[in-house]
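Using the sequences provided together with the hints, build the complete structure.
These are the residues of each chain, in order.
Number of protein chains: 2
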Amino acid sequence: MDKGLPQPGLCNCLAIRKAARHVTQYYDSHLAPTGLRTTQFSILARLKRLGPRTINELAADLVLDRTTLGRNLGPLERDGLVAVGVDPRDRRSRVLDVTEAGAERLTEARRRWTDAQRGFDEAFGGPQAAALRQTLAVLVNTDLGAAEPPGQ
Amino acid sequence: MDKGLPQPGLCNCLAIRKAARHVTQYYDSHLAPTGLRTTQFSILARLKRLGPRTINELAADLVLDRTTLGRNLGPLERDGLVAVGVDPRDRRSRVLDVTEAGAERLTEARRRWTDAQRGFDEAFGGPQAAALRQTLAVLVNTDLGAAEPPGQ
DNA sequence: GGATAATAGGTGCATATACGCCTAATGCAA
DNA sequence: TTGCATTAGGCGTATATGCACCTATTATCC
Numbered sequence: 001m002d003k004g005l006p007q008p009g010l011c012n013c014l015a016i017r018k019a020a021r022h023v024t025q026y027y028d029s030h031l032a033p034t035g036l037r038t039t040q041f042s043i044l045a046r047l048k049r050l051g052p053r054t055i056n057e058l059a060a061d062l063v064l065d066r067t068t069l070g071r072n073l074g075p076l077e078r079d080g081l082v083a084v085g086v087d088p089r090d091r092r093s094r095v096l097d098v099t100e101a102g103a104e105r106l107t108e109a110r111r112r113w114t115d116a117q118r119g120f121d122e123a124f125g126g127p128q129a130a131a132l133r134q135t136l137a138v139l140v141n142t143d144l145g146a147a148e149p150p151g152q
Numbered sequence: 001m002d003k004g005l006p007q008p009g010l011c012n013c014l015a016i017r018k019a020a021r022h023v024t025q026y027y028d029s030h031l032a033p034t035g036l037r038t039t040q041f042s043i044l045a046r047l048k049r050l051g052p053r054t055i056n057e058l059a060a061d062l063v064l065d066r067t068t069l070g071r072n073l074g075p076l077e078r079d080g081l082v083a084v085g086v087d088p089r090d091r092r093s094r095v096l097d098v099t100e101a102g103a104e105r106l107t108e109a110r111r112r113w114t115d116a117q118r119g120f121d122e123a124f125g126g127p128q129a130a131a132l133r134q135t136l137a138v139l140v141n142t143d144l145g146a147a148e149p150p151g152q
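Those protein sequences? They're chains A and B, same order as listed. Everything in the first sequence is counted per the working numbering, starting at 1 for the first residue and increasing by one. Everything in the second sequence is counted per the working numbering, starting at 1 for the first residue and increasing by one.
It should be emphasised that the hints constitute simulated quantities derived from the structure, not laboratory data. Idealized CB from N, CA, C, for every residue including glycine. Treat the hints with care, since some could be wrong.
As the list claims (entries may be wrong) - A partial selection of chain B residues facing chain A, derived with a Cβ cut-off under 8 Å: (1) N12; (2) V23; (3) Y27; (4) R118; (5) F120; (6) L144.
Rendered as structure tokens:
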């Protein structure tokens with residue numbers, strides 16, 4: 001009877017990806033009126049909080065691949081929400097900063113985000129949500145390593 | 001002192017998305033030798049377990065948008081791992097099924113997946129992982145609703 | 001049975017994600 | 001100071017994700 005086959009619900013990766021899609025669609029529906037996606041909101045919010053940062057620094061904070069963040073900056077820079085400059089102390093680096101327009105957009109988006117958070121807490125439970133965030137924070141800081149190359 | 005500004009780590013959406021990226025990269029590194037991404041592996045594994053299903057049915061199971069699954073089928077169909085046919089009882093529907101080549105690829109990928117699961121449990125803790133999966137299953141089945149339209 | 005509503009997917013568009021390879025700039029050592 | 005390793009990003013490519021809008025097909029109601 002399917003001995004050895006993985007049972008539904010046993011895959012850590014599928015479990016978290018399904019949940020991420022579920023939650024993302026919910027937050028996106030709240031943020032939609034602002035014209036920001038959740039990823040864009042995250043970038044703006046973290047950058048605003050951290051202050052000017054390089055691509056590598058911000059990418060690490062967001063657990064984003066460096067090149068992914070680089071591309072995600074495209075729409076934000078195009079719309080004048082994030083400024084990208086060259087670090088004078090290291091001209092290899094790009095310094096990112098939230099523009100005034102970006103800050104205004106962020107303020108508006110934070111209102112929607114607060115609504116989403118409240119709705120989430122009501123549906124899922126505030127304490128459960130806090131516990132889940134804590135667990136996920138531990139997970140993100142857990143070094144899972146990578147697959148060993150198939151060397152002999 | 002930043003009163004009212006969301007503190008880092010308070011956003012449910014960012015927390016789960018960061019964790020999803022972290023875990024996805026880990027599982028992808030294990031599955032890479034098979035030529036399958038985690039999403040493709042999920043599709044094959046679920047379809048194999050559920051048996052032939054329509055796009056809508058499989059998409060709901062995977063918490064994927066219908067159109068997203070439709071596009072994700074492209075590479076799988078191109079590589080002959082999934083067969084897409086028309087349901088004779090309802091010619092609007094497409095019936096998906098794992099091909100023989102798909103089943104073989106899946107068997108190979110399951111070995112890598114098992115390694116990844118073992119590594120995950122070792123690093124994060126087996127009981128903690130099981131508890132997290134359970135929590136995420138509850139979350140996925142929690143109706144978060146959607147933002148109310150800005151009606152009058 | 002024919003008009004109409006509802007459903008299953010497809011397509012255009014835009015963003016999200018990351019690997020591999022490349023160039024530019026910096027750091028370091030002989 | 002020059003030569004090489006290291007580091008910061010960019011770019012090509014491919015897949016992932018979902019909304020708005022569209023067609024085809026089926027169900028329903030008079």
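Quick rundown of the hints versus the structure:
1. N12: Cβ of B/N12 sits 5 Å from chain A, so the hint holds.
2. V23: With a closest approach of 5 Å, the B/V23 hint holds.
3. Y27: Since the shortest Cβ distance to chain A is 4 Å, the answer is holds.
4. R118: Violated, about 11 Å.
5. F120: holds, 5 Å
6. L144: holds, 4 Å
Of the numbered hints listed earlier, the single one contradicted by the structure is hint 4.
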